[in-house]
Amino acid sequence: MADYLVIVESPAKAKTIGKYLGKKYTVKASMGHVRDLPKSQMGVDVEEGFNPKYITIRGKGPVLKELKAAAKKVKKIYLAADPDREGEAIAWHLAHSLDIDETSDCRVVFNEITKQAIKDAFKEPRCINMDLVDSQQARRILDRLVGYNISPILWKKVKKGLSAGRVQSVAVKMIIDRENEIKAFVPEEYWSIQASFSMEDDQFEAKFYGIGSKKVELKTEAEVNDVLGKLKGNSFIVDSVKKKERKRNPVAPFTTSSLQQEAARKLNFRAKKTMMLAQQLYEGIDLGKEGTVGLITYMRTDSTRISETAKQEVKSYIEETYGKEYTRQGERTVKQDKKAQDAHEAIRPTSVYKDPKTVKSYLSRDQFRLYKLIWDRLVASEMAPAIMDTMTVDLKNEDVIFRATGSKVKFAGFMKVYIEGNDDGKNEEDKFLPNLEEGKSVKKEEITPHQHFTQPPPRYSEARLVKTLEELGIGRPSTFAPTLDTIQRRGYVALDEKRFVPTELGEIVIELIHEFFPDILNVDFTAKMENDLDAIEDGKENWIRVIDGFYKGFEKQVKHAEEEMKEVEIKDEPAGEDCEKCGHEMVYKMGRFGKFMACSNFPECRNTKAIVKDIGVKCPSCHEGNIVERKSKKRRIFYGCDRFPECEFVSWDKPIARKCPKCEHMLVEKKTKKGVHVQCTSCDYKEETN
Numbered sequence: 001m002a003d004y005l006v007i008v009e010s011p012a013k014a015k016t017i018g019k020y021l022g023k024k025y026t027v028k029a030s031m032g033h034v035r036d037l038p039k040s041q042m043g044v045d046v047e048e049g050f051n052p053k054y055i056t057i058r059g060k061g062p063v064l065k066e067l068k069a070a071a072k073k074v075k076k077i078y079l080a081a082d083p084d085r086e087g088e089a090i091a092w093h094l095a096h097s098l099d100i101d102e103t104s105d106c107r108v109v110f111n112e113i114t115k116q117a118i119k120d121a122f123k124e125p126r127c128i129n130m131d132l133v134d135s136q137q138a139r140r141i142l143d144r145l146v147g148y149n150i151s152p153i154l155w156k157k158v159k160k161g162l163s164a165g166r167v168q169s170v171a172v173k174m175i176i177d178r179e180n181e182i183k184a185f186v187p188e189e190y191w192s193i194q195a196s197f198s199m200e201d202d203q204f205e206a207k208f209y210g211i212g213s214k215k216v217e218l219k220t221e222a223e224v225n226d227v228l229g230k231l232k233g234n235s236f237i238v239d240s241v242k243k244k245e246r247k248r249n250p251v252a253p254f255t256t257s258s259l260q261q262e263a264a265r266k267l268n269f270r271a272k273k274t275m276m277l278a279q280q281l282y283e284g285i286d287l288g289k290e291g292t293v294g295l296i297t298y299m300r301t302d303s304t305r306i307s308e309t310a311k312q313e314v315k316s317y318i319e320e321t322y323g324k325e326y327t328r329q330g331e332r333t334v335k336q337d338k339k340a341q342d343a344h345e346a347i348r349p350t351s352v353y354k355d356p357k358t359v360k361s362y363l364s365r366d367q368f369r370l371y372k373l374i375w376d377r378l379v380a381s382e383m384a385p386a387i388m389d390t391m392t393v394d395l396k397n398e399d400v401i402f403r404a405t406g407s408k409v410k411f412a413g414f415m416k417v418y419i420e421g422n423d424d425g426k427n428e429e430d431k432f433l434p435n436l437e438e439g440k441s442v443k444k445e446e447i448t449p450h451q452h453f454t455q456p457p458p459r460y461s462e463a464r465l466v467k468t469l470e471e472l473g474i475g476r477p478s479t480f481a482p483t484l485d486t487i488q489r490r491g492y493v494a495l496d497e498k499r500f501v502p503t504e505l506g507e508i509v510i511e512l513i514h515e516f517f518p519d520i521l522n523v524d525f526t527a528k529m530e531n532d533l534d535a536i537e538d539g540k541e542n543w544i545r546v547i548d549g550f551y552k553g554f555e556k557q558v559k560h561a562e563e564e565m566k567e568v569e570i571k572d573e574p575a576g577e578d579c580e581k582c583g584h585e586m587v588y589k590m591g592r593f594g595k596f597m598a599c600s601n602f603p604e605c606r607n608t609k610a611i612v613k614d615i616g617v618k619c620p621s622c623h624e625g626n627i628v629e630r631k632s633k634k635r636r637i638f639y640g641c642d643r644f645p646e647c648e649f650v651s652w653d654k655p656i657a658r659k660c661p662k663c664e665h666m667l668v669e670k671k672t673k674k675g676v677h678v679q680c681t682s683c684d685y686k687e688e689t690n
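So that you can map any letter, position 143 of the sequence shown is 143 in UniProt numbering, and since no number is skipped, the others follow by simple counting.
Any given hint might turn out to be false.
[To be verified] Derived DSSO-like pairs: lysine-lysine, alpha-carbon spacing no greater than 30 Å straight-line:
| id | residue 1 | residue 2 |
| --- | --- | --- |
| 1 | Lys157 | Lys552 |
| 2 | Lys76 | Lys53 |
| 3 | Lys357 | Lys15 |
| 4 | Lys23 | Lys39 |
FYI, nobody ran anything at the bench for these hints, they're computed from the structure.
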């Protein structure tokens, strides 16, 4: 019989830890929280110091019964939930349910699930940290007060099933504000002049820079023609050559936020998927003979710090694998965000010697891709800077200056392992320039003016939204993924080509919240509230005082909204066609995945149709139908004939209304990391787009 009972959240975690602790320990899973506020009512007594009314979560009765039975058979119980405020709250609720003294040494925490980390953690058990519990409790109560007061008003005045929350409402407003910026944006014309030059057998490109020593911005075609009119002949003189050596430093290991952003950029993962996979890697993977091992450290963190032991292990690995010259000299300067709690290390592999190739056969494809990303990032962070040779050359004809820039990697350093992604998908590449010397003459081969227009700010991708929320201090690492999931499930926003767009419903809800609950949408107010909640965690604030300070003003706003908010009727927009089943008018409806067409005779007729967009191109297969834009079950855009199923033409690439000038076959727009270009589906014809 076991002497000790260890309680964790998940069966996977229980399985891993059980193998490390041995026969004296029984390890069981609580399956997350066992107590929570009731769903059917507020569950918070605002008259009695915001006292929460906790009940056993429906379906958790058998789990608690099993835990209580196991608890009677052992000398001591250890609560080993995750090392964050949510985990601390789970431990506190378990202590209450199992009659464990919360001031006893019943709490065990660890940042990684490895044999040594588990054994070390059990040598230093502690009591439950009530500051962490109070912080989680304050967030839960605050969100309950907001949600259970505003949501019923929205149900009554707008539509049933709506909800409002602190962080989700701000996120939706940001998406709406960005959409309004895009609508109000007025493009401005500007021009560039691209030229190709040759010197002996070498060719290179340069762009117009200015007149004399002054940089000149070209706004109109007339200004371009004025510049071109100044040029005399085809010969340019190399006016100046500047060569520099530039260092590029590696980025720090992952935080929760930066992992979500980079997984979105490089792996096309949604935030929710990234966190699910990271949880699996943290809780443990069966590595055959070695058994189940946690491959990464805890994945909810805002710190970029790594332990000294991990640092030395990584340095040894780099020296053994790549050579001493690739090891970073000196300490990495860690610029920690002022808002960071720094409670845990950065997200890193539990051992750098479990390299991705070694464990690949034990991982799913997506687990492997995320693990490799985390492993690459850690290794790169401890490697030497990359050294780039850069060259800037000014070419002169009369007073007209064209400028050419080039760079090449002199020493790869950390770039041998990993280069951070960016939102436009472009990475730094070598750009060749010949060995040009001042005073030498080069020949102009071709000169081409290009017209451009300024572009509106981009819509938010998941990565960009997470980054912005973090920069503004709204939400915390554990909240980003569920927030993005919630605003989509509620139908407030939709994804269009991986970018958020607000729905009509989202705009109506935010407009009402802005009118009656302005503080909820105030970025500074929300960020201050996050800081106050963090202060509770640090023991610097009392949770009841923080909630009371918020509720005094909020309660008045609720009463005002109940009395003054007018009912909003969301009329169905006519779709301009009749139902082919019953003849009634089809209307646009808003669903989880955006707009769709439905019969106005619902519920008698339940006919629905996806909305298709005609792109103005005739079908190249049947020559009768038109090509329309559709979406797959996974919300990926593709193009097909509107005569389907009679015509089965489909294409992932967007067809255009021109034929290939070489072979007369279909031309399509091809999207790559470097941008969009037009290419033929049959021959090698290709053209770049500006």
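Here's how the hints hold up against the structure:
Straight-line distance between C-alpha atoms of Lys157 and Lys552 comes to about 24 Å, which keeps the hinted pair within the 30 Å bound. This hinted pair checks out: Lys76 and Lys53 have alpha carbons roughly 28 Å apart, not beyond 30 Å. Distance hint between Lys357 and Lys15 is fulfilled; the C-alpha atoms sit about 25 Å from each other, no more than 30 Å. Proximity of Lys23 to Lys39 is assessed by CA-CA distance (about 40 Å); at most 30 Å being required, the pair is judged violated.
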